[in-house]
Structure formats: C-alpha cells, structure tokens
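The lines below spell out each chain.
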Amino acid sequence: MKKTRNIMIVGVGGQGSLLASKLLGHLLLEEGYDVKVSEVHGMSQRGGSVVTYVRYGDKVYSPVIDEGEADVIVSFELLEAARYLSFLKPDGRIVTNTRQIDPMPVIIGAASYPADLVQKMRAKGVKVDALDCLSLAEEAGSAKAVNLVLLGRLSHYFEDIEEDAWDRAIEAVVPQRFVELNKKAFALGKALKE
Amino acid sequence: MKTLLQGNAAVARGLYEAGCAFVSSYPGTPSTEITEEAAKYDEICCEWAPNEKVAMEAAFGACLAGKRAFCGMKHVGLNVAADPLFTMSYTGVNAGLVIGVADDAGMHSSQNEQDSRHHAIAAKVPMLEPSDSAEALAFTKLAFEISERFDTPVLLKMCTRVSHSQSVVETGERMVPPERPYEKDIAKYVMMPGNAKKRHPVVEDRTKALRAYFEAGFQQYKEGDRDVTIVLNRIEMRNEEEVVSPFAKHLGIITSSTSYQYVKEVFGNRASILKLGAVNPLPDELLTEFAGEVDRVVVVEELDPVIEEHCKALGLKVEGKNILPLIDELSQNKVAYALREQVPQGKKLDDAIPVRPPVMCAGCPHRGVFYTLGKNKCVVLGDIGCYTLGAVAPLSAMEMTLCMGASVSAVHGFNKATGGESAKKTVGVIGDSTFMHSGMTGLANIAYNQSDSTVIILDNSITGMTGHQDNPTTGYNIKGDPAGKIDLEALCKAMGIENVSVVDPYDLAETDRIIKEETQKEGPSVIISRRPCVLLKNVRTAKPLRVNPDKCTGCTACMKIGCPAISMKEHPALRVPATSTTPRVAVVDQTLCVGCNVCVQMCHFDAYEGMSKEGITYAERGGKQS
Chain A
292 MKKTRNIMIV
302 GVGGQGSLLA
312 SKLLGHLLLE
322 EGYDVKVSEV
332 HGMSQRGGSV
342 VTYVRYGDKV
352 YSPVIDEGEA
362 DVIVSFELLE
372 AARYLSFLKP
382 DGRIVTNTRQ
392 IDPMPVIIGA
402 ASYPADLVQK
412 MRAKGVKVDA
422 LDCLSLAEEA
432 GSAKAVNLVL
442 LGRLSHYFED
452 IEEDAWDRAI
462 EAVVPQRFVE
472 LNKKAFALGK
482 ALKE
Chain B
86 MKTLLQGNAA
96 VARGLYEAGC
106 AFVSSYPGTP
116 STEITEEAAK
126 YDEICCEWAP
136 NEKVAMEAAF
146 GACLAGKRAF
156 CGMKHVGLNV
166 AADPLFTMSY
176 TGVNAGLVIG
186 VADDAGMHSS
196 QNEQDSRHHA
206 IAAKVPMLEP
216 SDSAEALAFT
226 KLAFEISERF
236 DTPVLLKMCT
246 RVSHSQSVVE
256 TGERMVPPER
266 PYEKDIAKYV
276 MMPGNAKKRH
286 PVVEDRTKAL
296 RAYFEAGFQQ
306 YKEGDRDVTI
316 VLNRIEMRNE
326 EEVVSPFAKH
336 LGIITSSTSY
346 QYVKEVFGNR
356 ASILKLGAVN
366 PLPDELLTEF
376 AGEVDRVVVV
386 EELDPVIEEH
396 CKALGLKVEG
406 KNILPLIDEL
416 SQNKVAYALR
426 EQVPQGKKLD
436 DAIPVRPPVM
446 CAGCPHRGVF
456 YTLGKNKCVV
466 LGDIGCYTLG
476 AVAPLSAMEM
486 TLCMGASVSA
496 VHGFNKATGG
506 ESAKKTVGVI
516 GDSTFMHSGM
526 TGLANIAYNQ
536 SDSTVIILDN
546 SITGMTGHQD
556 NPTTGYNIKG
566 DPAGKIDLEA
576 LCKAMGIENV
586 SVVDPYDLAE
596 TDRIIKEETQ
606 KEGPSVIISR
616 RPCVLLKNVR
626 TAKPLRVNPD
636 KCTGCTACMK
646 IGCPAISMKE
656 HPALRVPATS
666 TTPRVAVVDQ
676 TLCVGCNVCV
686 QMCHFDAYEG
696 MSKEGITYAE
706 RGGKQS
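Chains A and B, in that order, give the protein sequences. Residue numbers for the first sequence follow the numbering used here, so the first one is 292 and each next one is one higher. Residue numbers for the second sequence follow the numbering used here, so the first one is 86 and each next one is one higher.
Stretches of chain A that chain B covers, calculated by requiring three or more beta carbons in the stretch to come under 8 Å of a beta carbon on chain B:
{"id": "1", "region": "309-322"}
{"id": "2", "region": "343-354"}
{"id": "3", "region": "374-388"}
{"id": "4", "region": "394-402"}
{"id": "5", "region": "407-413"}
Computed, partial: chain B to chain A, Cβ under 8 Å:
{"id": "6", "residue": "Leu89"}
{"id": "7", "residue": "Lys432"}
{"id": "8", "residue": "Ser652"}
Simulated from the structure, these hints should not be mistaken for laboratory data. Each residue gets a CB set at the ideal place from its N, CA and C atoms; glycine is no exception.
Excised from the complex, chain B in its bound form (with noise of 0.2 Å):
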C-alpha cells in the first residue's frame, strides 16, 4: 500500500515487516516515534528502557535469544550507549540487532551537534543512512539482512530531517525470519581478554567483507540487477543533454542523506552524483572508479567531513568542507551557494522580529521552584529536560547544563571542591525520568563520599519534553498499561539519603521555606517536587484568572515568574492613545491561564480574581498518555 510515512514510522514499519519481536529504547528527539509507532503492532514487545545503554543490553539479551531486536536514541545517547556497542562489536549478535540512532545537525532540540557517523567507524560497525522515508523502510529490512549475514550490529542513522519528514512509502508484509536457537558459545560471547583476543581479528576481517559486500552491490547493480537488497550505493549519472554548455566541467558529487535531496533539488540530473547508503565502510573501488569519472569531485556531507577525509586517504582529488559549512544543517539554498548555482532571494521587512524562544508552558510545575531558587540566589545545576528553560528570562535561573545526570554528579564535586562553602547556596535539578537515566548513580556517589549537597527531583510524573513517554517512576508502560512503579523517597533513603522531603510547587511559600531548610542542612538532601505535567491528560486545569484593573498598581511583580499567559498592557479603560508613558497593569490571556494561582501568590494587592478553591487538580491516571 502507498502511504505518507513519517520516516521513524517508516523505521517501525521496516521493524515489523522485518519480523523484530524485540525493541528498548529510551525517547530522545528526533528518534522517538520509532519506538513510539512500534509499540502500536501488537507482534512487537516494546518497552521504553531508564537508559540507551540498558535499552542496548536487553535489545542484545533478545538477539542473543534468538529474535530479532531493535533499540533507538538519539545521538547523545549512543554516548550513553557506546559502552555495550564497542564490545558488542567483537561478540557478534544471533538473530538481527539493529540500533537506530538519530542526529540533530542544526541542533533543533540538543545539546550538541555530535555525527554519530564517528561512533560507527569508531565501534567498526557498519552504518547505513537512509534519505527519505522509504530508504527508511528498506534500510531497516536490509539492515537486519546485513546483521544475520555478517554477525554484527547495525547501526542505521537517521537524522532530524529524514526522521520528522513524510514521504511516500511502498508498505510490504511481515516476514518473520525463522527463529536461531541459543547456543553456549562462550570464546563468543564472553569477552574477556583471551576470548576478546580472537575476535577482534575477525571484527578486522568483517570490515573488509562488508566493503566487498558494498561494493559487490553496486557492481551487481550496474549489471542491471535491480534488487533493493543491493542498491545502497548507487551512481547517477548526469544526462549530457541537459548540461548547458559541452565545455561545463563534469561535475560530481558524492552525498548521502537528507544531503543527496538538496544536492538533487539543485541539480537534478545536471551533474553525476554517487549516493551512499552505507556510510561505514565505504567502497574504496567505488568512489575511486565514480571520482575517475568525472572533472571535479565535489563531497555534499552535513556536520564533519567523514566521506571527504576518506576520500583525501584513498588520494583522491575532493573538495568539500572549503566551501561547505561545517556547523548546521544543509539546505538547498547553501550547496546552490557553496557550488556558485543561482540562490534564490526574499524579501524582508525593517523591522527588528523579537525572536520567539520556546517558554515554559502557563501552568507548569516547574516554574515555582526555579521561581524561588532565583529568589534565594542559589547557584542551580541543571539537567537535561523542559526545566532546562529555567535558565531563560525573566527566571535564569540554571546555570549549568551538560548532559544526563550531571546535576547530582556535578553539585557533589562543586561543593567538595570548595570545601562545603558552596553548599548552602547550591543545588541540582533534575526531572524524574532523567533522574532514572543518569541521576541515581550521582547520588550514590553524594551518599557514599557525603557532601552537604541538596538534589531537587522536578517529578511531573512523565518525560516531559520529548512529548509525554512514561518511565519507570509513572506507573505505566509504552503501551499506557500499568507497570511496575519506583518510588523515589524510598529510592533515596535506601541510598541513605535521610533528609528526603516533597513539596507542591504550586505553593511558593512552602517551597521556599524548603529549600531554605533543606540547603541549610548538615549531610545531603533531596527534594521531590511532585506535580504533574499540566498537559498530562489526568490533570484537571482551573478556569483562567483575571486581573482587576483597579486594584494592579502596574508594580510587575507577577512579571517575575515568566508565565506566558501574563502580560502588561494599557488600562482597558484607557481613553487616549496609549504611549510609550502610558502606565500599564497586568493582564491575563484567557486563552493560555490555567488557573494554577503561582501569579496570586506574587501579588501584594490582591489584583488576582477568579481562581477557583481547589486550583489544578489531578486524577490518578491511567492509558495513554501520548
């Protein structure tokens, strides 16, 4: 059937009809949906896993069993995750086991720019990189070929612009392979260093297959074989007729990617193009046979110059990073650019656009506290979440942001380093779910080398900013069924945490008067915020407030929380023109206040009316919730 995929469905979809049985994953932007839409075929047992590196694990457990398996992340991840890759590399797997990993060039939703492609070359694991969303679906297939035939993981990347486009797909049967019994072989699967001493000759010897196996496709494919299976690399060569002048230089270029789209976009069938599919290895004859082909060899490739330096090691005359970017993500407009084509232009107004930086939602829970740690002046050392918006104005307060867990981790060494001075003023913040990814680990370092630290757990009940997946302390599973549910002040005093205290954000004074007494105390602490996401579906919003505009003495006061839903503007009784002198008072969008009454509490005049007694309220939930 012919469909418009989104390239992650089309991964999912490549992972049903390729007979996966297995898929852990942990949700990261782009690379959510794969598991998301995955869990959505019954065939497939799917599970969000607290991390990329225990996702990898159990999806090797199941590989190892005999079943195809399947674990996704994004690029940061396979940080995470590189532990198990780079030895899973001498083991070899059973049955399939692809790993799908999505960057972020442009860094659209990311901490950094990192090309996974590294990790690949790095870890002498084949990668294969689709350019659409029907590559997406074949490569997934062919991925899982490619992993029983050569007996190692495969690692199919995506990248933001091939995972979060739809384009059209060909959608086939599920084939499920027949099933490869466990067998004990432990010289193979018991890396240690005798055993690992013989592998790592046959993970050598494997790398030259694969280049054979790549190249041997594209030969096979120039004999007319049309087989999909084959086609990873393919050469397209340019239509004489269309070259303007028969003394134009013959271009070529060699890309791969959402890369090869811009590269057709802009030249269609006027120059040659070598398309890789496989991106590690890659076919040494290939690319020497394509660029002796051609006058001038140009190398489209997004983030580092990979396929370019390979080139250069074979000795072969290419250009690429001198005049394409380095930082970004392509685009048309830039390879019509680097290569002097006509780029088209825009038009643009005078005027200065205030630029419109993503805000924390009216009514999130996470707004109190950071609320009150600026108010105390306390140095926060934040994570990786929604709650990373903390650091933005009017609130700025998160002053640190590096990866998963590295809150706990790092407030343990500041206030070691000075000598616990610091720890009266300083925490970490970090949200439940990446508290279960990276976070619990840091406190048991705080409990076992005992600084005077304070860790404050934003527990919204879900992974918020990858768009509502549930996690080990929610109760629930992918499939929105009930799971099995930590809890997190039991989890903390078991570490031996025994200053364990929750607070309702929502109420500023009891939050202050916590993180006060808290951050004052001898020995670690641990505060759980605990309120849920106010889009969670379970969460019951109040009726939006309103202000008198009697009463509001224009002091902005309210303005101090940075809720999107409050704004300064004339009196509404205002009869002349409003000018620059004109005083305000604040008002509030009833469309955007859900009546969580944090602005009331800011309010020395009573301005506020019209909240409700009991605010936002929330049901025990149950389904799912994205």
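Isolated chain A, as found in the complex (with noise of 0.2 Å):
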C-alpha cells in the first residue's frame, strides 16, 4: 500500500487558493487516488490567514494534515509558508509566492515583518521554491492566476502524473473563456528554474 501524501496550501483569506485545490482534487480523483481537500471557511476568509489540506493515496483517513507531516507546502505568500512551516517534514518543500501582504498587526505597528524569511528557512535546511508569481501570472494575463504558476511549480513534484493530466484538469476546472490563460501560467510555473 503506498503512503498518504499531503500537500498543504496556505495564503491570505481572498487570495484565491480554493481553485487551487479543487484542481488538484480533480486531477488526483482522475489518477485514481483515493482523496480528501479540507479547508476552514466563515469568519478566518476576512483577510485571515488561510490553509487547506490535500492528501491523497490508497487510502486517506485524516481530512487534515498536522505538524510535521507535509510533502509540499504551496503558499501564496511568504510569511504564511513560514507560519506553517512546523507543518513541513523534515525532509519537505515549500513552493511560495515571494510576495508579502502585512497582516494588521505589522500594520498597525505592534509586530513587523520578519525579514529574509527564504533565507532563514533554507538555512534551517529546508528546501524552499522562492517564485515572483505575481509578474509571471501579468505575463500570462491576469494577475489572478498566480495560483495557476504556482501549481506549475507544484507539478515538478508530482512524477508519476503527465502534462496531459494537469491540462485536463485546469480544463474541467476553470471557467472555458480562462483556460488558455490559465494554461500559460502554468506553463511559465512550469518552466521556472529554480
């Protein structure tokens, strides 16, 4: 039997990561995993910090992922991939948007931003994917459509699944009119070097 594997995707309440895993519980349900995509609605959306689970295997029980337990962290924004980093295994890896949004508190003046926080997470020996998801999703043509670069970073992780497969599923997915787009973000994901 092989072993559950968890993907977590965390970001700003508004930022869009619901598309995110509702393509990847499409395209995982296709490859004929069994699946379970967890999130926390109502009140943390205002602005809040926001995370869903995605795990998929044989067979998953658990809806949710705890700490120390994530294959991938993918993350819309830079200090929430350091919030849930406990998350991570030891041996995980974050993909994160290196854009950074101040929460209130850092607003206000009561907390400030932690700085080089890419650097500090690597040198805690965590293998981290820093991307500009924001120019390169206006490259494709919407800035909305960072999440789309983001999962075309994800893919790279994701051997055993074909292109034709994440085609497929940002065609089912995503509204007829956005594919093309949607597909050139992920493209431009795709093709980054890290």
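Please dock the two separately framed chains into a single complex, following the hints provided.
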C-alpha cells in the first residue's frame, strides 16, 4: 500500500487558493487516488490566514494535515509559508510566492514583518522554491493566475502524473474563457528553474 | 457516479436522493453549504428562514403535510431552535424530518464550542454522526428512514471537518417515497398537558426501541449482512499480524465522527475500533461486548466526554478525557500523543511570526461606523457578523458580543440599570440579517419598556460573514429570484420608534452628526447605516487611491480606521537604507484599495489623490450573490 501524500495550500483570505485545491482534487481523483480536501470557511476568510489540506493515496483517513506531516507546502504569501513551517516533514519542500502582504499587527506597528524569510528557512535545511508569481501571472495575462503559476511549479514534484492530466484538470475546473490564460500561467510556473 | 464532494454537499445530495421536498434553514458556518447546495436541485423547495426556530417549525409543517423535510443550522442555532425540537420529540412526525446541526470544535467561526450531542440526549431524539462525505450522504438517507419508522425527528450531527472536507462519494438516483397524506390527530399533534402526558411514555419507549434497533443492526452486520442502512455502528477488530509484540495489550478504541479518521490515521489496523455512527441512543450491549474483548478501552471523542460517561454509567472501565483534551478539535497528532504513539515533529524559525487575524475588508461599510463610535467614546454592545471585527485593533470599538440579537436587548438593560445615565454614550450595533433573526423582539422590548437606547442597524444588504446569503431585507430568495422585502424604516416606525434615521457610513461627518444627535435624544432611536457589502456583485468599486508622499506628513491619522490597504512605508524617493527612525509616509496597496474614500476624510493635508467623484456606486441588484 502506498503512503498517503500531503499537500498544504496556505495564504491570505481572498487570494484564491480555493481554485488550486479544487484543481488538485480533480486531478488526483482522475488519477485513481483516494482524495480528501479540507478547508475552513467563515470568519477566517476575511483577510485572515487560510489553509487548505490536500491528501491522497490508496486510502486516506484524516481530512487534515498535522505538524511534521506535509510533503509540500504551497504558499501564496511568504509569511504564511513561515507560519506553517512546522507542518512540513523534515525533508519536505516549500513552494512559495515571494509576495508579502502585511498583516494588521504589522500595519499598525504592533509587530514587524520578519526579514529574509526564504534565507532563514533554507538555513534550517528546508528546501524552498521561491517564485515571483505575480509577475509571471501578469505575463500570462492576469494577476489572478498566481495559483496556476504555483501549481506549475508544484507539478515538478508529481513525477508520475503526465502533463496531459494537468491540462485536462485545468479544462475541467476553469471557466472556458480563462483556460488558455491559466494554461499559460501553469506553463510559466513549470518552466521556472529555481 | 464517483465524485469528490464536500460533506455539506453530500448531505444535500442525500436530501435529493431521499426525495426530500422542503428545506428551510438559517445560514451559519460550518452548516451553510448544505442548504446552498440543496437549492441547486429544482426538485427541492428551498428557503432561508429569518432564524433557526422559524426554519425548524417550517420544516415541521412540511413534514406534517406529508413531505420529507430538512432544516440545517450551526450548533448555536440549535439553541434557538431548541424550543420546537424538544416538543417535536413528543409529537413525532408524519413524513420524515431530519435536522442537520454542524458543530465547530476549534471555534473556527463561532462564539462558543458547545457539543450538540447534549441536545440530542436532552430532547430524547436520535442522532447520527457521519465521519466523511460518503457517510454524510448515506446517513442523511438513513435518517429519513429512521424518522418515519420510529416517528421521530432525527438529528444529523456534522462538524467543521466533516462539513468542509471533500471526500469521495458514490451518488445514486432520487427516490421519492409515497406521500403520507396529513391526517388530523389532535392527541398526537396538540401538545397541551393532557395530550403531552400521554406522549411522554411514547418517547421513552421509542428510545428503548431505537437502542434495540441500533444493537440489532450490528448483530445483523456481524452475521454478514452488509446492507448500508444497518452499519451505523461497527467493530473493526485489529489485525493480529500487525501487532509488533504478541504481548502487546489489546487496545480497543470507541470513537465516532472525524475522531474515527484520526484514530485510523494513527493506528490503521493495529487497534480494535468500535466506530459509532449513532451517538444517541448509544448501544449498551455492543459497548459492553466490545469492552469485554479488549484489554484496554479508550474513548476518543471531540469536546465533551459524552460516550465516555455513558460507558462509565454502564460500569465499564474506560479512559478518555484523562488523557485526551476536552478543549479544541482533535487531530492525528493529539491522538498519537495521548496514546504514546510516535508524534511527527516539524521545524520552526527563531523569528516571531506575527499573527494574521481576520480584518474588515478594504472598503467595508462597517468601518466608518466603528471609527465614529470609537471617536465619540461610545460603549458599543455588539452582535454576530462580520462587524464583530469592530472589536479588533485599531478600531477596538465593540465591547460585548454574546449571541444573535443580544446587542439590542442588552443595550436596553444596560441603560435601564444606570437609570438612563448611560444612554447618551451607549449603543447596540446589529447587522440587517441578525436584526431579522433576533433583533426585532429586542427592539419591541425597547419600544414597550421605553429606554432612551440607540440601536444602529448595519444594513449591508446581505448576510455577509457566512458568504452572502439573502435575507428578508434583501428582496431576493435563495434561488436569486425576487422575493418579499421588509422595509427596515417602516418596520421600526411601526414598532413605535419615532427617531429613525438613515446614514451613509462612507460619509464620516454625517455619520458623526447623526450618532451624536440620536444618542442625545430622549426616547429610543434607530440609526440605519446603509451601504451594500463591497464584495457584492452589484457594487462597482472605484479606482485605487494614491498618497502623495511629498504631502503626507506621516501623522498616521488615516491609520486609525484600520484599513488593510494602508500602511506606513519609507518615502519612495529615499536613497539610503531605511532604519527604524526613518520617517515614514502612508502608502496605499493598489491591489487592495477599492476607492471608498473614507481615508481621504481622515487626512488633514490633502495627501490622498486620485479619488473618483462618485466613489463606490451600486446598481439595483438582481440574481444570485453566492
């Protein structure tokens, strides 16, 4: 029996991580895996820290990922990658957008945004792919395509899933008129050499 | 068809397949999507009710008329609907009636962490508890069967992790059971003392019959019958080959709901498990039989020790809350830690990571009201909704939040207790949907018992926090079709409130003037702060503002409104590296700002530029919002 793999998607409420988890869920189900996707709704959506768990394997039990369990953390915002670092396996990988969004305590001066987070995580021996997703998404045609840039990079770590399957998943979950744009964003993220 | 469905969507699918004809609910995280998803099936008449009590009574009426009915709510909603629930237990049903209640262990979006199982026990109503989407679908259908077979409403208990997790389900066809025509039966349906006294023994007998049914279901299962309708409770004996030492104590775990998933995650087949799908009434014989087959029994359940205490009352030696937490939701690591299994560890940075609490959105119409209330040093008694975020720094302008409607009732009591002295500095603040839910009766109390209280209704034309549901003030129903629309001004006036004013919260000077005026007035006042939620589809946002860095003095006046789009940064023309003493100027995040112009009114130096003349506008809305 294959071990369950764990992907966490983290970010700031309103950044659009929902599409990323929907696409992953669709893809993995089509590939024949048992899949669980779990998220939290309600008050935490209002600009707060949000997290989605995607788990797949032969048989998945828990809907959540706990500390020390994530194979990959996909992060829409740098501070959120650092916040959930303890959920990563010791040999896990972080795929993060380098965008910084100040949380309210930083905005009002009650706390400061830690500097050099990517270097500090690497210094702890964490594998980090840090990408300027916003520029790539804009290159693809919309700032909203950050999620597909991140998924493009993430696809490197799914060796057994062919590119066609990703394309089919994009076609299945993205509205028709945005398919080409999203495929382009995915390709840009995928082509990126870290 | 095999598909990935959210737990709530799986319940909705179960409603569809069970031939449910009527759904009435009030939105509440994490239960909301059950009803939103059910509304997508044309075969189901689906409605948002003003509150959970009304919803449950409407569903009861539908079941009485002979159609299968459902009503959904969050855990605290069941407190509101407890009144009909406790007596529906006595009347029983005609066609099946199922009540979905979603608990929120961990309080992701709730004001308390109560355990709904107590309601099931107290009301003497059966409760089923699915542990994933497939069970959510199956148990929903089974709940209708049980409801009709045992003449009882049935509670279907969800929780955040089952409601908001997607897992694989196999969907089926819709089967509408034969209608059960309504028949007059005064002795059964009119609960006056003489009749109720005869119904109470029926309830007690029913609990015994249900207990026997859940026990018998297991025995049939043990004999090889795999019919899904009877495997609510099941035993999974451990795989002896996987136990490392033949001398290892045989661990037996009694569990249910999402806790079952955590237990399986940790132990796989190394422990024996009694998995309960029906948590009320509990199967006494099965619990006893299971405890007898293992060396050590541990009950793994979220929140209160309901199953554990039941086992102890049966004289069984079990462990539970002595090793597992009573507070917060469980997880695989918490279960592993309690049972001395290996717990994975992650890495941590040395830096303190600042928290990221939820905030009012940029352009949120509530912001101007809370800023003004804070400026006037008002005591603000608040309510349940997005606007509870008015309590968060830097606004910090809400001092009480209890439950739906409490702002209106409490401001009256507060002012009466001080002999009216506090009335000039105290307000109750409530949203439009919350006012419809439970604020109206509080206002009736103010009008009747006459306090000089001021109530501010934050009318953002939608139920915001649960994700944009319509309500009786919006003019649209759950399907997005035009519906009845309650006129808040006329309603307040009809209750006898003479001072009713309307203000645009984007206009700070006017908001300040009205709040000052109305709090000073003798007699009750209602202020309606009216601006649609900026996230609504019919709202047209304006272009983002900019700060002229040469005009900004860095005075931070605009920071007092707590807008997530504004922050203080170094002057963009700064040529040397910034230090902690470098003067800073306000900067507007161009991706977040929607041009509400509230910050402009805070600035004394005309530093804000690029505002549009009309600001944010909104059109008459139509169609669906969520």
